[in-house]
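> Residue numbers for the sequence shown follow this note's numbering, so the first one is 1 and each next one is one higher.
Watch out, some of these pointers could steer you wrong.
To be verified - In silico lysine-lysine, BS3-like type, Cα no more than 27 Å apart, as pairs:
id: 1; residue 1: K65; residue 2: K78
id: 2; residue 1: K24; residue 2: K78
id: 3; residue 1: K24; residue 2: K9
id: 4; residue 1: K24; residue 2: K3
id: 5; residue 1: K78; residue 2: K9
id: 6; residue 1: K25; residue 2: K59
id: 7; residue 1: K65; residue 2: K3
What the hints assert, rightly or not - Here are the computed distance ranges between Cβ atoms for each label pair:
id: 8; residue 1: I176; residue 2: D96; range: 28 to 34 Å
id: 9; residue 1: D89; residue 2: P139; range: 33 to 39 Å
id: 10; residue 1: I10; residue 2: S114; range: 38 to 44 Å
id: 11; residue 1: S114; residue 2: K3; range: 39 to 45 Å
id: 12; residue 1: H151; residue 2: T54; range: 42 to 48 Å
id: 13; residue 1: A101; residue 2: G69; range: 27 to 33 Å
It should be emphasised that the hints constitute simulated quantities derived from the structure, not laboratory data.
Idealized CB from N, CA, C, for every residue including glycine.
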Amino acid sequence: MAKVTIDNKIVEVPNGTLVVEAAKKVGVEIPVFCYHPTLQPVGMCRMCLVEVGTPKRGKDGQFEKDANGNAVIAWMPKLQTACTTVISDGMAVRTDTAQVADARRSVVEFLLTSHPLDCPICDKGGECPLQNLTMAYGPGQSRFPVESKFHNEKRVPLGDLVMLDRERCIQCSRCIRFQDEIA
1 MAKVTIDNKI
11 VEVPNGTLVV
21 EAAKKVGVEI
31 PVFCYHPTLQ
41 PVGMCRMCLV
51 EVGTPKRGKD
61 GQFEKDANGN
71 AVIAWMPKLQ
81 TACTTVISDG
91 MAVRTDTAQV
101 ADARRSVVEF
111 LLTSHPLDCP
121 ICDKGGECPL
131 QNLTMAYGPG
141 QSRFPVESKF
151 HNEKRVPLGD
161 LVMLDRERCI
171 QCSRCIRFQD
181 EIA
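All chains, please: the whole structure from these sequences, using the hints.
Following this line, the structure appears as structure tokens:
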């Protein structure tokens, strides 16, 4: 078992647990597009970026402690994908910082550059994960001009069971991985 701190909440999880799954155990929902618990994690969409730190070790190999006796955390210089990062004992994770919010806003804005902005007439309008995460994390308005609707093939068979709508695709690869790993 590994003990981890996520947004100042401590949880103990089995070794090998991913950050995204450990966060759920303390009621912290990390947004994802490409992650699905039954598929191999790939970290493609970058929506689940979080700050990750591990206990700092001294020259003697022991964990360094602060004045209160708590482990000193060495934060990684770049954000990590919660869907591919495996928990280690003593790890600390922050999911609600300004840096994380900026990253999520940028990811949503980037995804919307190649996605048709016709939510009111879309079949998934009102129950769309992209729409929900855009409302929660999106920039409000894009820096990129929308000249005209982006057109692609509507029905591309990936196999006997999976049909891809390329016009709505956000490049998460879940459909391809489902086809390869499960179907």
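> What hint numbers does the structure not satisfy?
6
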